[in-house]
Structures are given as C-alpha cells and as structure tokens.
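Chemist: Listed here are the chains, written in short residue letters.
Number of protein chains: 2
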Amino acid sequence: MFLCVALNPALDVTYTVAGVRWHAGNRVTSVAQRAGGKATNVARILHALGHEAVVTGFRAGDTGDLIARDLAAAGVAEAFLPLRGESRRTLAVVDTAAGDATGFWEPGPPVPAERWAAFLGHYRGLLTGASVAVLSGSVPPGLPDDAYGVLVRAARDAAVPVIVDADGPALTGAAAAGPDIVKPNADELRAATGRDDLPAGAADLLAKGAGAVVVSRGAEGILAATPGRTWTARPPARLAGNPTGAGDACVAALAVGVATAADWPDRLRMAVSLSASAVLRPLAGEVDLDAYPGLLDSVVVQEV
Amino acid sequence: MFLCVALNPALDVTYTVAGVRWHAGNRVTSVAQRAGGKATNVARILHALGHEAVVTGFRAGDTGDLIARDLAAAGVAEAFLPLRGESRRTLAVVDTAAGDATGFWEPGPPVPAERWAAFLGHYRGLLTGASVAVLSGSVPPGLPDDAYGVLVRAARDAAVPVIVDADGPALTGAAAAGPDIVKPNADELRAATGRDDLPAGAADLLAKGAGAVVVSRGAEGILAATPGRTWTARPPARLAGNPTGAGDACVAALAVGVATAADWPDRLRMAVSLSASAVLRPLAGEVDLDAYPGLLDSVVVQEV
Numbered sequence: 001m002f003l004c005v006a007l008n009p010a011l012d013v014t015y016t017v018a019g020v021r022w023h024a025g026n027r028v029t030s031v032a033q034r035a036g037g038k039a040t041n042v043a044r045i046l047h048a049l050g051h052e053a054v055v056t057g058f059r060a061g062d063t064g065d066l067i068a069r070d071l072a073a074a075g076v077a078e079a080f081l082p083l084r085g086e087s088r089r090t091l092a093v094v095d096t097a098a099g100d101a102t103g104f105w106e107p108g109p110p111v112p113a114e115r116w117a118a119f120l121g122h123y124r125g126l127l128t129g130a131s132v133a134v135l136s137g138s139v140p141p142g143l144p145d146d147a148y149g150v151l152v153r154a155a156r157d158a159a160v161p162v163i164v165d166a167d168g169p170a171l172t173g174a175a176a177a178g179p180d181i182v183k184p185n186a187d188e189l190r191a192a193t194g195r196d197d198l199p200a201g202a203a204d205l206l207a208k209g210a211g212a213v214v215v216s217r218g219a220e221g222i223l224a225a226t227p228g229r230t231w232t233a234r235p236p237a238r239l240a241g242n243p244t245g246a247g248d249a250c251v252a253a254l255a256v257g258v259a260t261a262a263d264w265p266d267r268l269r270m271a272v273s274l275s276a277s278a279v280l281r282p283l284a285g286e287v288d289l290d291a292y293p294g295l296l297d298s299v300v301v302q303e304v
Numbered sequence: 001m002f003l004c005v006a007l008n009p010a011l012d013v014t015y016t017v018a019g020v021r022w023h024a025g026n027r028v029t030s031v032a033q034r035a036g037g038k039a040t041n042v043a044r045i046l047h048a049l050g051h052e053a054v055v056t057g058f059r060a061g062d063t064g065d066l067i068a069r070d071l072a073a074a075g076v077a078e079a080f081l082p083l084r085g086e087s088r089r090t091l092a093v094v095d096t097a098a099g100d101a102t103g104f105w106e107p108g109p110p111v112p113a114e115r116w117a118a119f120l121g122h123y124r125g126l127l128t129g130a131s132v133a134v135l136s137g138s139v140p141p142g143l144p145d146d147a148y149g150v151l152v153r154a155a156r157d158a159a160v161p162v163i164v165d166a167d168g169p170a171l172t173g174a175a176a177a178g179p180d181i182v183k184p185n186a187d188e189l190r191a192a193t194g195r196d197d198l199p200a201g202a203a204d205l206l207a208k209g210a211g212a213v214v215v216s217r218g219a220e221g222i223l224a225a226t227p228g229r230t231w232t233a234r235p236p237a238r239l240a241g242n243p244t245g246a247g248d249a250c251v252a253a254l255a256v257g258v259a260t261a262a263d264w265p266d267r268l269r270m271a272v273s274l275s276a277s278a279v280l281r282p283l284a285g286e287v288d289l290d291a292y293p294g295l296l297d298s299v300v301v302q303e304v
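The listed protein sequences derive, respectively, from chains A and Z. In this text, residue positions in the first sequence follow my numbering: the first is 1, and each later residue adds one. In this text, residue positions in the second sequence follow my numbering: the first is 1, and each later residue adds one.
One chain only, chain A, in its complex shape (with noise of 0.2 angstroms):
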C-alpha cells in the first residue's frame, strides 16, 4: 500500500466564465469541484495504475467531509484524521474569453499540538502497512516549522522509504531528515537552496541527506541526483496540454520505482512519461494510460 499524506487537502473548485467583468458581477457557467492537493493527486494516479493507495491527513467540516466523499467516490482509500474548522477550497475562475485563470486559495485549518501529537500515532500505525509514504504538498498552519521532517523519520523508523514534494523549509527540513527522495521542481529547488545552477542545488540537498533529489523541468524532464551519479531524462517532444498535475504524476512514478525497487534509469522513465501522460489530460490528478506505454519507450535517459 501507498501512503500518500495531505496534511492539508483541498476542495478544488474551478468556476467557468467567459468574459469575467471584474469589480462586478458574474454569472458562471458551469461549476466543477474534486478533491485535490497534491498528494491527493498522487493517490489517484497510483490507483489508475492499479495500485492501492492510502491518503491520510487531516479533513475539517464540510468542505473536509466533500473531499473524503469525492475520493471514496473516485474509489481511493481515506484515512483522514478530523480536525476543527473547514478544510481549505482552492477557487480557480477560468476565464474562456481571456483563455487564462484567476486563482484564489483559502486558508487551511490550523493544526493544534494535541491533533498533530494524535496524527503521527495514527501515521505510525498507518506505515506497518505500507510500502512506501509519499508526502506532498503544503503544510498547514500550527505545525512545527520540521513537521516533514518529523513525518521522514517515523517512516525511516518503520523501515518505509519516504518521498517528499515540498518547497521552502519543509523541504529542506525534511531533507535533513533522510528520506529516499526529494522531489522539488527547477523553481523550488533554486528557492530553497539559492543556487541557480541544478546540479549544485541538488548536491546541497544530497549534502543534507535526501538519499536522492529529482528535479522535475517541465518540458525538458528530470534531472535526478544520488550521491555520485546524475541522470538526465528527457521526453521525446514538447506535449501540448494542462502542465498542472505533471509534478504529482512524476512523483506517483518515482513511489512505484522504489516499491518495485527499479533501477534509475527505468524510474526515471516512468516518471517522464507518467508526467507527459497527465499534462495529456485535463485535470490534475489523472493520466492517459493509452499514451503511457508509447511515451515510456520514447524516453531518453542519459547519465552526465
């Protein structure tokens, strides 16, 4: 089983306008709403492969009872602990006059110490079961500034290789902490270590002791890190399509690769062409499993 954590899901909800008039009203045309948050994102992927997948996390209210309903409906497993207050909605209003979007991100609940304390009991149950533990996506208000790195080391504690897809301090906290990989893209991986050059942020994150640091680019691929080898992995050609969700699929790839105990190269494989296969669908969270075995051969994975 995967263990895919959230510690602060979301309700994604995408409003269609055509034409916004803004500092006015306006009438949308049609609403759309899942669960959403990345490591929810990276759940659904592993279930569409085929895969059991667990999300735990935390869920508050109504908007937290809609995401766990959505996924059960979408037949992926929650485990979320509750929470007081409402899990955050992520508002996206596509404006398809102006073919581009204007987001708006609620607040997450904030975590007290005594749920937090209660979760990484429920976690640590939750990884005697598992194969691997993916943590993805942000962390809410109240935890501790090493909340992943917590996470990390309970997972190494319990002999289960850990991924994180994290940004800023989480990321390099949980870095510190040792986990199999880490999954920042180009931008964030720039951020949290301040160099521009790729190849010595991720040697920065290897120096902290991440066991292997994936940098996702868009377009051009993954560069990925071990201590003393270095990959690039390229897709055959540009996709045209939704680019949001690439990063999730990318991960959901690297969690099968270390369950299944692939070598590099073929990781690396599966995470290009899982990317290019969700940037082929629509929404994040999904890929096109007819495109993914023509993409996967067409790979090209070079070590520099």
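If you are wondering where the hints come from, they were derived from the structure by calculation, not from laboratory data. The reader is advised that the hints may include incorrect statements.
Listed next, with one range per pair, are the computed distances between beta-carbon atoms [unchecked claim]:
#1 A:Ala98 <-> Z:Thr16: 40 to 50 angstroms
#2 A:Leu120 <-> Z:Arg21: 31 to 41 angstroms
#3 Z:Gly61 <-> A:Leu120: 52 to 62 angstroms
#4 Z:Asp167 <-> A:Glu114: 49 to 59 angstroms
#5 Z:Gly125 <-> A:Asp100: 47 to 57 angstroms
#6 A:Ala97 <-> Z:Gly50: 46 to 56 angstroms
#7 Z:Ala186 <-> A:Glu114: 55 to 65 angstroms
#8 Z:Gly61 <-> A:Pro282: 16 to 26 angstroms
#9 A:Arg21 <-> Z:Ala72: 30 to 40 angstroms
#10 Z:Glu220 <-> A:Ala24: 52 to 62 angstroms
#11 Z:Thr16 <-> A:Ala24: 16 to 26 angstroms
#12 Z:Ala261 <-> A:Pro110: 29 to 39 angstroms
#13 Z:Gly99 <-> A:Asp62: 23 to 33 angstroms
To give a feel for the contact side, a few chain Z residues facing chain A, derived at Cβ under 10 angstroms [to be verified]:
#14 Arg21
#15 His23
#16 Ser30
#17 Leu91
#18 Thr96
#19 Asp100
#20 Ala101
#21 Glu106
Glycine is no exception: its CB is placed at the ideal position from the N, C-alpha and C atoms.
Starting from the structure of chain A, add chain Z where the hints point.
Modeler: Chain Z in isolation, oriented as in the chain A frame:
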C-alpha cells in the same frame, strides 16, 4: 407564521483579499459563508423582530444542506423540498485594498415539472398556517414564466395575503395574479414597465392587478401607490453603510404591516426605518434593532 418562499436559495460566500491579482493566484485571508437569497434574508429579519418565519423553496445537494443547517443555527425554520443537483453559491471577492468587490454567481439547479407540482402541494399545505406569504428573489431555471403568478393565485385561494419582490417577467406575471403588494426597486420598475416615471410605472402594475406597488428608492426612501392614493416616505438622513439587504428589510416590514393590518403611513414608516436599520448592519439579512425605534420616529411620510 410568515411563509417566505425562496425558490432559488443561495449559500453566500465572501472571500476577503487585500489587493486581488487578476490572472494570477491569490491567498484568501478570510472566508465567511451563510444562507442567503432575498426570501431567506426576509425570514432572518422577521425572526430578529420576534416573529415566526418559515422558509420554503428548493434545496439541492451539499450546498442545500449547508443552507438548511445555517438557517437552523440562526433559529429560522425551514421547510425546503429536496431537489437533484446543487444549490447555488454566490461568491463575493471583497478587495480591501481596492475597496470594491467582484461577484460570481453559480447557476441554480433546474426544477423539473414533477418537483414543481410537488412543491405546489407542499406550499398549499404551508399556506394553511401562514398569516402572510412572501415571494422574493430569482426564479430557478425549468419553472414556467408564470411561476410567481401560480404561487400568488394559490395564496389568494387560501385567503393568505401575499407580497412579491421580483423583477422582469416574474414581476409583471405576479402583478397580473393580484398580489396584495409588489415591491420592485426603482430600476426594476422602470425595466419591467418601460416607464421612466415611477408613479406612471406603479400605475401600470396596479392596472395589471397588483393591490399596491411599493417602490424602494435607496437613500430616498419609498414611493407607495394603491388605487387612488400615493405616498412617499423618506428617512431622516442619508445613512452610511451596506445597502444590500435594505430591500429585504422593507419587504419584512411590509409583511408585518399586512399581518397587523397597519394603515399605509404606518407600514411605510416601518418599511423605511427597518431598511435604514439594515443599512447600519454589515450583513444582508440583519437589522440594527437598537437604532430602529429612533429611526421609526423620524421617517417623514407624505401623501402626494
């Protein structure tokens, strides 16, 4: 009991953002939500005045559940019929830096003919315990153009006085069915009758069949016309505050005036002062009951 009909109730959501960045992502600093819609606001105000009010209409899905739950928390009784789909949300993005707001209105769920027939039976049952019926707000998709007319005739058949706050074809259709009072605002009256002159527009609706026409004119107060008599009622001074919901307070006061058989000058005094009490409160559906008695004494009513 005051029966308030909300065919298309809403959950009003308010996002506060300090300086919205359009076409980009925005962190929402606070989220508020509550049951909204015009008839719901009227019921809240009647409840605040100590009267028994029941809201009926349709509620759908999770948002409908939230609307019903919020009314219950406010102590307002509801007797909604369930409907497939999702009740609508209205979102106001309040930009505290720009000092304005942008609104997004979700569509309401369509009402199939079978549900409308079921509602008419339900409504007739509720009318047996009602002293006044209030029909207020938008008509959801799927209903006949004359939906308000049908509800007015049912109230008249049950000998229950009925007040209508509507616009467009719903207003003119309702007027023809002979309601005791219609309450458009000045713009709505002009749009529905095509007449710039308010007394002339009011005369049109009286000729169609309305028992009285009360026109709300914002800070200028009210114009009221019955066959043969016309009054104006003005607040003592222009009040600073939130005019949203002032029309609902006007309707609530008219409903009380009808139920207590108050004469027209007294009804208008109550209507203008309760509207002013609503302006003093930040949220639609609330009135400042401390300010109300003083305002009541200072309204100027004149027959014209």
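Chemist: So, against the hints stated earlier in the document, which numbers end up violated here?
Modeler: The structure breaks hints 1, 3, 10, 12, 18; every other hint is satisfied.
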